[in-house]
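Visitor: Dock the two chains into a complex; use the hints.
Top to bottom, those sequences are chains A and B.
Reminder that position 41 of the first sequence reads as 41 in the numbering used here, one-by-one numbering, no gaps.
Reminder that position 35 of the second sequence reads as 35 in the numbering used here, one-by-one numbering, no gaps.
One or more of the hints may lead you astray.
[What the hints assert, rightly or not] Below are the DSSO-like pairs computed for lysine-lysine, each with C-alpha atoms no more than 30 Å apart in a straight line:
#1 B:K181 x A:K104
#2 A:K104 x B:K5
#3 A:K217 x A:K49
#4 A:K171 x A:K88
#5 A:K171 x A:K79
#6 B:K5 x A:K49
None of these hints come from the bench; they were simulated from the model.
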Amino acid sequence: MTPFLQISNLNVTLGQTHPILRSVDLTLSEGETRGLVGESGAGKSMIGKAILGTLPSALRVRSGEIVLDGEDLQRLADKDRRRVIGAKAALIPQDPLTALNPSKRIGVQITNRLVDILGWRRKAAEARAIELLDEVHIPNPDRVMRAYPHELSGGMRQRILIAAAFAAEPKLIIADEPTTALDVTAQKQVLKLIHEMQQRHGTSLLFVTHDLGVVSKICQSLTVLYSGLVLESTGVDEFFATPRHAYSRALLQATPKYTDPDASLTPVPDPVIEATQREVQMFDRKQAHV
Amino acid sequence: MTLLKRALAQLCTTAITLFGVAIVVFFVVRVVPGNPIAMMLPPGASAEDISRLEALYGLDKSILHQFVIWLGGAVQGDLGTSITTRQPVLELVLSRLPATLELSMMALVIAVAIGGVLALTGTRMRGTRVEGAIDVGNGMALSVPDFLWGLVLILAFGVLWPIFHISGRASPTLDFEFATKFYLFESVLRLRFDVWLDLVSHMFMPALALAIPLAAIIAQLLKQSLKETMHLDYVTLARTKGYGENSVILREALPNAILPTLTLVGVQFTFLIGGTVIIERLFSYEGLGNMAIDAVINRDLPLIQGIVILFALIFTAVNLVVDLSYAALNPRLRHG
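Bound conformation, chain B alone (with noise of 0.2 Å):
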């Protein structure tokens, strides 16, 4: 397949994707108890001040009326007003979306290079001890959930050894005007690391807490591939051209062991990005997922939609990068 079919067919897969979302959320929402209208008024409202705030909203027409409204904004780029502060809801997303994007590429960052380095170790040092103890390490990671893992960091090196923040996305006292939401790409753009210094410790512990679940998995997988891959022929062959075992391990498994790996990592980083939610909530960090919780407690119908939409957008990207990476890497699937 050429790569503008098989772009073309991601893109007619994505779009199948997103309508059907659209379809669940738009619905479920509006199944679900509680309206925005009662939030907004105060208890004691006349079924009058009621029928005309719903008439201004458009909710009293029919849900498919409704759907079918909010479709026709949806495709050409409109995803309505947000209830709570009447701004465009494509306006308030993307305003929170780098705050997201950013600690959810920090987590993977670090998740990557602890996992990495910890299935590397675990099998050069294969059959020992220190194997052992990556083993056990890695079970303990695994069995305690993101959110867990946030309390304990708060705990940890919030309190008890406070050398990071443990709210917000920077300092209240931060001399320094963004011209973009892109916090940490900006202040290294423009060389403020006494900036990028503030941003890192505040994100610094959400990230961590996001990372350490994905890190024990990609060290559980890598290092077990990489100790089947250890096995191959052509690695016997590599160590008979007289390279050692640590070059046997990085040149000649590693490329070949990290496949399986990446596909993980692809379907794993959809978890942590759906982690942020919770996790942005924990550290205050202004974010997409905290965005979200706040417009779920005001039943803030379009703007839920529209976090949702992002999210379902952001999950189809990463599953596009996660194939085409595959193929850079695998000579086998490049003339398929």
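The shape of chain A in the complex, shown without the other chains (with noise of 0.2 Å):
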């Protein structure tokens, strides 16, 4: 099976010369979870951001592929591949709180990409907005649809961003931390919603999280990221089984298991980190010579 999402050597810096991701190769099939880990400033939501071309604007995608259903991004024209982007792929984001523009109503916020961007009628895009408001589990979608954001829970506007997400039948979502900014419980419901949602439609899943808890749960594949370099791309299962890279053992000593919530946690030892970035390094050296 072709994939449905291919990254290849895809090169993003900060300025001239600063790289920001090292030459990420990346492949999502149609259907699947893939889960991309990392700590905070490996770079994996700027994956999703390249994606989506939402990078800030001091960064630039210097080459590399992303093709995405067929349609190489990096080659298209700026709204030829805003409009590509807009019907094939959306965002799940970290923050329901900022995520939703307060002065627009739920419904529009919902209905706009199907209006505007797809050239739906208003009627269709919004009797299928209450229809995904009500497969998101939102009691009362008619008067959902007319409510402003503030007057909503953060749990409640987090599932309208999921229900929005699906709004044009995507076939990749990226979803970027959803759970960081909710309470646990809320983090359970939304995950699973998340996953139902997605099993529901047949979409492909990017899920960016540091939790590899969330990933053994949803995931069929994961990618791990450190400074920009792809340290390891697997399957689920062997990855849990057998991580191949050091990194990546010294991660999974650092979850919490479910199996055994009282087992003492090792923080990623200092060797492991140290060797890590002596590959980071080599690897800049590498390119710098070809």
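Guide: Given below as structure tokens:
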């Protein structure tokens, strides 16, 4: 099966030279859920931003391909790229409190992609939005459509954002740490909901997180990133049984286990971090010679 | 708070404000040296004449007594009689009010148009030389006060390249009977665009002089808050939906970024109205401001009081309008 999303040799830099993503390769098949893990600053969110075309203005894609459903995004004109992304991909953002426009009604924020970008009739888009709100278990969808974000709770808003992400039946959803801003109970519900929606709609999911426990529950595969370099890309079962990279092993030991919650945790040891940093430096040196 | 309660509260505040203004103005104009009687009589008038005139205008009574008499009339809508023209003050100020309102409204429209376009262009072109040029232009516009802009404009478009009229409100040769004092509105309503054009070519320069500093403030503040809004999550989310830069600025950022600007425009607009006093003088425009200067020169106490009270009333009305439009634009305040 040809992968639905194929990123190859993606290099993103800050300014002219400082590397943010180092020759990243990543594939995602239809319906697959891939976890993208790494510590803060590893560049995991940047991969999502590079796909969606929302990199901060100081960052540039230097080289590489991002092929989404057969279209090489880097080769498309800005306008076409935006359209392709709007139609085929969607983002579930991190913080539900800031990701909804405070001056717009919920209904408009779900339907605007359908109406403005994809040319749906307003009535049809509204019917679709109500259907989606129902799917994410929002009571009184009609009333919520007319509400403003400040009238709803954080959990409700996250569910609305999930509904909005699925509005155009995208083939790819990028979830950028969608549970980080929520409390533990809400986290569990939101995870379950994303999983449920993804299964029902057959969407591919790129799940950006630093929580390996979450990865083990909903992902089929995962990619470990350190300093913008892919250390390991493998199936989830394989990873948890026999992690290949020393950094991955250390990462696993630093994650609480559901089977043994009282076991003491070891932070990633310094020698492992130093070795991984040397690996990054060696990679850069090799790149410089090419 | 219900709308009715809010309106009542606003009314009370307005009444107290006006009362305060009345006290201050009444006593200040009487403490300042120079008196109207001396201005009316030729030098060397007899003491008898002076006291007779003082009695006629009630100026022989104590200041407190005068104030009570004046206040009693004012609450019934009688602001007294002008000393120089012997006409009722209310009639005089109301005859000039429309001219000043039209001038300030036109200045406001120009300021919002120029400021808005500059802010949007600056946001669209952020980080480029265009934005830099806008910032420099703003700095220049702000560092020169409105009356100096008036002089610059007179020199440029009245003398060197005379395309606008530099004085008055309408050409004396204009063959048109106005039924109201709102010349500009009336010319539009009666579809006389030749008259409208003549009026605008008189009003444009004073309005522009008033508008330039305000336009710069709007451009600067709106651009700043637009740029901040552009980094927020909901703007990023809108980008991923497929919206281009222009729609993101206009649809997502602008409705939220405009709120702080709106408050400031309300405050600055009252300064703009204050600016009409000198600008109207400069362009010989027959409005309230021009009348105010004449009233001060002639020590026409009742007229000064009337004009100041009217200005105070306009200021509170502007603030009320800003409050209400703020609530209308910001859904978070609607149920508060």
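Visitor: If a hint holds in the structure, say so; if it doesn't, say that too.
Guide: Do the hints match the structure? See the list:
no., hint, in the structure
1, B:K181 x A:K104, "violated (42 Å)"
2, A:K104 x B:K5, "holds (27 Å)"
3, A:K217 x A:K49, "holds (24 Å)"
4, A:K171 x A:K88, "holds (5 Å)"
5, A:K171 x A:K79, "holds (20 Å)"
6, B:K5 x A:K49, "violated (49 Å)"
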